[in-house]
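Please construct the entire structure, taking both the sequences and the accompanying hints into account.
There are 2 protein chains.
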Amino acid sequence: MAARNVVVAQSGGPSPVINSSLRGVAETCRAFPQTFGTVYAGFHGIEGVLKEELLDLSAQPAEEIALLRTTPAAGAIGTCRYKLKAHQEEDFERTIEVFKAHDIGFFFYNGGNDSMDTAHKVGQLAGERGLDLVAVGVPKTIDNDVGDSEFKLIDHTPGYGSVARYWACIVQNAFEENRGACPSDPVLVLQAMGRKIGFIPAAARLADPHREQSLQIYIPEAGLNLAALADKVNDQLKERGCVVVVVSEGLDVGEIGASKDSFGHTQFSASQITVGQVVVNYLNEVGLAARGSARGQVPGTDQRDTAIYASTVDLDEAYQVGQKAALIARDEGTGWMSTLLRKPGTIYGVDYGKVALEEVANSERHFPKAWIDPSGVDVTDDFVAYARPLIGEDWPSVPLVNGLQRFARLKPLFAEQKCAQYVPQAHR
Amino acid sequence: MAARNVVVAQSGGPSPVINSSLRGVAETCRAFPQTFGTVYAGFHGIEGVLKEELLDLSAQPAEEIALLRTTPAAGAIGTCRYKLKAHQEEDFERTIEVFKAHDIGFFFYNGGNDSMDTAHKVGQLAGERGLDLVAVGVPKTIDNDVGDSEFKLIDHTPGYGSVARYWACIVQNAFEENRGACPSDPVLVLQAMGRKIGFIPAAARLADPHREQSLQIYIPEAGLNLAALADKVNDQLKERGCVVVVVSEGLDVGEIGASKDSFGHTQFSASQITVGQVVVNYLNEVGLAARGSARGQVPGTDQRDTAIYASTVDLDEAYQVGQKAALIARDEGTGWMSTLLRKPGTIYGVDYGKVALEEVANSERHFPKAWIDPSGVDVTDDFVAYARPLIGEDWPSVPLVNGLQRFARLKPLFAEQKCAQYVPQAHR
Numbered sequence: 330m331a332a333r334n335v336v337v338a339q340s341g342g343p344s345p346v347i348n349s350s351l352r353g354v355a356e357t358c359r360a361f362p363q364t365f366g367t368v369y370a371g372f373h374g375i376e377g378v379l380k381e382e383l384l385d386l387s388a389q390p391a392e393e394i395a396l397l398r399t400t401p402a403a404g405a406i407g408t409c410r411y412k413l414k415a416h417q418e419e420d421f422e423r424t425i426e427v428f429k430a431h432d433i434g435f436f437f438y439n440g441g442n443d444s445m446d447t448a449h450k451v452g453q454l455a456g457e458r459g460l461d462l463v464a465v466g467v468p469k470t471i472d473n474d475v476g477d478s479e480f481k482l483i484d485h486t487p488g489y490g491s492v493a494r495y496w497a498c499i500v501q502n503a504f505e506e507n508r509g510a511c512p513s514d515p516v517l518v519l520q521a522m523g524r525k526i527g528f529i530p531a532a533a534r535l536a537d538p539h540r541e542q543s544l545q546i547y548i549p550e551a552g553l554n555l556a557a558l559a560d561k562v563n564d565q566l567k568e569r570g571c572v573v574v575v576v577s578e579g580l581d582v583g584e585i586g587a588s589k590d591s592f593g594h595t596q597f598s599a600s601q602i603t604v605g606q607v608v609v610n611y612l613n614e615v616g617l618a619a620r621g622s623a624r625g626q627v628p629g630t631d632q633r634d635t636a637i638y639a640s641t642v643d644l645d646e647a648y649q650v651g652q653k654a655a656l657i658a659r660d661e662g663t664g665w666m667s668t669l670l671r672k673p674g675t676i677y678g679v680d681y682g683k684v685a686l687e688e689v690a691n692s693e694r695h696f697p698k699a700w701i702d703p704s705g706v707d708v709t710d711d712f713v714a715y716a717r718p719l720i721g722e723d724w725p726s727v728p729l730v731n732g733l734q735r736f737a738r739l740k741p742l743f744a745e746q747k748c749a750q751y752v753p754q755a756h757r
Numbered sequence: 330m331a332a333r334n335v336v337v338a339q340s341g342g343p344s345p346v347i348n349s350s351l352r353g354v355a356e357t358c359r360a361f362p363q364t365f366g367t368v369y370a371g372f373h374g375i376e377g378v379l380k381e382e383l384l385d386l387s388a389q390p391a392e393e394i395a396l397l398r399t400t401p402a403a404g405a406i407g408t409c410r411y412k413l414k415a416h417q418e419e420d421f422e423r424t425i426e427v428f429k430a431h432d433i434g435f436f437f438y439n440g441g442n443d444s445m446d447t448a449h450k451v452g453q454l455a456g457e458r459g460l461d462l463v464a465v466g467v468p469k470t471i472d473n474d475v476g477d478s479e480f481k482l483i484d485h486t487p488g489y490g491s492v493a494r495y496w497a498c499i500v501q502n503a504f505e506e507n508r509g510a511c512p513s514d515p516v517l518v519l520q521a522m523g524r525k526i527g528f529i530p531a532a533a534r535l536a537d538p539h540r541e542q543s544l545q546i547y548i549p550e551a552g553l554n555l556a557a558l559a560d561k562v563n564d565q566l567k568e569r570g571c572v573v574v575v576v577s578e579g580l581d582v583g584e585i586g587a588s589k590d591s592f593g594h595t596q597f598s599a600s601q602i603t604v605g606q607v608v609v610n611y612l613n614e615v616g617l618a619a620r621g622s623a624r625g626q627v628p629g630t631d632q633r634d635t636a637i638y639a640s641t642v643d644l645d646e647a648y649q650v651g652q653k654a655a656l657i658a659r660d661e662g663t664g665w666m667s668t669l670l671r672k673p674g675t676i677y678g679v680d681y682g683k684v685a686l687e688e689v690a691n692s693e694r695h696f697p698k699a700w701i702d703p704s705g706v707d708v709t710d711d712f713v714a715y716a717r718p719l720i721g722e723d724w725p726s727v728p729l730v731n732g733l734q735r736f737a738r739l740k741p742l743f744a745e746q747k748c749a750q751y752v753p754q755a756h757r
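Read top to bottom, the protein sequences are chains H and V.
Anchor point for the first sequence: position 274 equals 603 in this note's numbering, and the numbering is continuous, going up by one each time.
Anchor point for the second sequence: position 420 equals 749 in this note's numbering, and the numbering is continuous, going up by one each time.
No lab work stands behind these hints, which were simulated from the structure alone.
Everything numeric in this text was worked out from a predicted model, so none of it was measured.
Wrong hints could be hidden among the right ones.
Note that the list lumps identical chains together, so a pair holds whenever it fits in one copy or between two copies.
Unchecked claim - Only pairs whose alpha carbons sit at most 25 Å apart, straight line, appear in this in silico BS3-like list of lysine-lysine:
#1 K380 <-> K567
#2 K450 <-> K414
#3 K683 <-> K450
#4 K747 <-> K481
#5 K747 <-> K672
#6 K567 <-> K740
#7 K481 <-> K450
#8 K525 <-> K740
#9 K589 <-> K567
#10 K481 <-> K683
#11 K561 <-> K525
#12 K429 <-> K380
#13 K429 <-> K414
#14 K740 <-> K380
Shown next, in the form of structure tokens:
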């Protein structure tokens with residue numbers, strides 16, 4: 330059988346390791362030229378497929394593909410918030426048209442639950458339309474909310490370990506700031522990503538696993554309101570004099586005027602006031618038990634874009650789920666997502682495997698209730714045991730040239746357009 | 330002459346290299362035991378002196394002192410926002426009393442203009458009260474606003490180079506996020522520190538010295554209002570499709586409800602709404618030329634607290650101004666601040682020297698008007714030539730132990746208290 334061409338694309342928010350998965354797919358496809366032909370990237374996700382903007386990865390210098398390892402975020406091939414909703418039939422048909430025009434036999438989609446749903450549907454429709462297409466998903470989300478709450482479909486999603494490491498490190502930094510600034514500015518409020526799911530703010534505990542510093546963590550699942558938060562902060566101030574307060578962006582603090590993206594997800598980074606700011610203002614208004622004021626930090630998207638805070642464990646795992654996806658496509662066919670499952674026992678390690686796209690698409694992971702400390706402002710040692718291995722042991726080697734980070738720079742080499750122009754349905 | 334004891338203290342906001350200066354003072358004093366006796370740190374600045382809380386640095390393990398190099402912020406010995414104002418005569422007298430009680434012959438004060446004023450006044454009063462005290466200042470401020478606008482008193486302040494490097498790197502990260510997120514979220518707004526002085530936001534240009542990316546920089550000195558900003562952002566969107574917008578925390582956007590610290594400085598990190606948020610909201614309200622929304626980041630104090638983004642040039646220079654301060658104290662006597670001046674010519678290098686405390690105390694540095702690009706949304710190549718050497722070429726080596734940053738941990742060894750208890754005047 331002749332080699333068939335490949336489209337790989339990304340969806341949703343990026344991560345520090347999303348490009349490692351891209352590299353894993355691209356390099357593994359290159360290694361099997363009898364199976365895989367030209368590897369194209371959908372430029373800005375499925376939107377790039379709809380617009381027939383296919384970036385030729387096979388024509389890129391191998392060095393630039395290798396540099397994807399330490400290139401954070403999605404600037405290399407772009408991502409999108411565009412969703413192929415069930416009723417957007419023209420979009421689905423267009424996808425098949427573009428794939429047929431370029432002899433695409435393999436479609437890799439890197440994303441979360443929604444993206445696995447899209448990959449699944451595209452794979453199904455291709456079959457109905459007589460296109461022999463292998464659709465395989467690659468897991469990604471910093472929020473760690475892909476899969477199930479029993480960690481049976483996937484242990485953790487690539488991306489999470491790096492953002493967890495970011496929080497471990499910057500909360501360490503915040504301890505130094507906070508202790509240094511006492512007593513005049515005793516409260517430092519840091520807002521973490523993760524939507525309504527507490528995995529990211531929970532990672533702040535990794536900064537201080539033995540609870541030597543003064544830290545409180547507010548995750549949405551603990552259900553504390555602003556008044557309870559202020560009471561607990563003031564109690565902590567009486568005891569310790571200062572405190573670092575990590576709050577989830579998804580904490581319920583009333584109206585924050587957040588907009589929705591096209592997946593229907595709240596887009597906290599575009600809200601009119603941040604949760605962190607609401608907390609800072611509330612604390613300053615009710616007055617603090619210690620003299621001085623509360624101050625705020627909203628690192629925003631930088632937490633998912635920093636190369637130097639990436640976890641080397643996460644970088645390796647992200648590469649290998651990409652690699653595994655290519656191997657699944659070659660050896661096992663369509664309808665799967667590559668996954669990683671923790672080996673049993675106390676020594677950390679993972680096995681790579683596959684789960685059905687459909688199963689992932691319909692799953693939803695929550696932060697385990699058992700990992701919330703009874704105080705409501707901390708997480709348990711079981712969470713620490715789960716998350717600690719994910720942040721690794723080393724700084725990654727991020728190359729610097731002329732004082733700046735040397736990120737991958739892909740050339741704008743696109744496949745020749747063969748289809749009529751097309752405006753994605755949701756943009757009409 | 331017998332060796333006399335030493336007090337070193339810090340004031341104001343910290344930096345990633347403030348502890349390098351502390352180490353420079355401490356290790357240099359250790360190297361000359363015939364001149365310098367026990368080295369104490371005023372715990373939390375001059376407040377620690379007033380309260381007779383003197384941390385014994387001489388009793389600390391040499392390894393912990395060495396680890397100060399890569400320990401950011403002021404958690405090691407603390408800082409303060411407490412100012413010895415001219416009318417607080419009791420505070421001044423108390424300072425002399427404590428110094429006399431501990432045979433303090435040398436006082437090193439690390440800070441900005443206000444701190445140099447304090448050091449100067451303490452030195453003067455000591456003389457009047459019969460205490461032979463050598464008072465020497467150590468320059469520090471991330472804002473780079475110490476000294477004069479002609480760079481004759483000091484070329485740049487230790488701390489600035491590291492925060493400049495932080496901005497060079499995270500704006501690089503933001504480019505990756507921003508290009509990846511186009512077209513759905515075309516505007517990313519990042520708020521930089523620096524009060525009303527533009528040096529820190531200006532450093533964003535170092536991320537892209539050849540102007541290949543889409544970046545606009547709004548410094549207070551350019552004087553653009555919100556409406557002009559929105560026009561310029563929209564013009565840029567029409568041309569480039571996306572843009573990273575770096576705004577100063579001190580941009581004039583109307584009421585942000587910022588409180589004042591005890592120096593009378595606006596404390597932006599405790600304001601009720603940030604400048605970055607005002608800009609995000611305004612852009613989203615007036616509507617963007619491109620589809621999608623503006624998103625915001627307020628890294629806050631993390632920009633001055635990150636060890637890994639510290640500049641190795643800055644780390645070395647910070648150490649050496651501390652070292653130089655000790656040498657000045659030993660060889661040249663009281664009333665000076667150690668300084669660094671750029672060598673003439675195109676090859677970067679600095680000479681260490683001294684300037685009178687009084688001269689620094691009365692000086693004020695502004696961002697040179699000639700370095701503002703006529704567009705009002707950029708800085709010139711002359712600024713880049715000035716700032717580029719300060720960020721260095723390498724990542725610093727920040728030790729990790731068990732996955733976490735290994736920061737200096739000083740033991741709570743305090744000098745025996747010999748004076749009566751005292752409540753600082755401003756706290757009564």
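- Message: Name the hints, by number, that the structure is in violation of.
- Response: Hint check: 4, 5, 8 fail, others pass.
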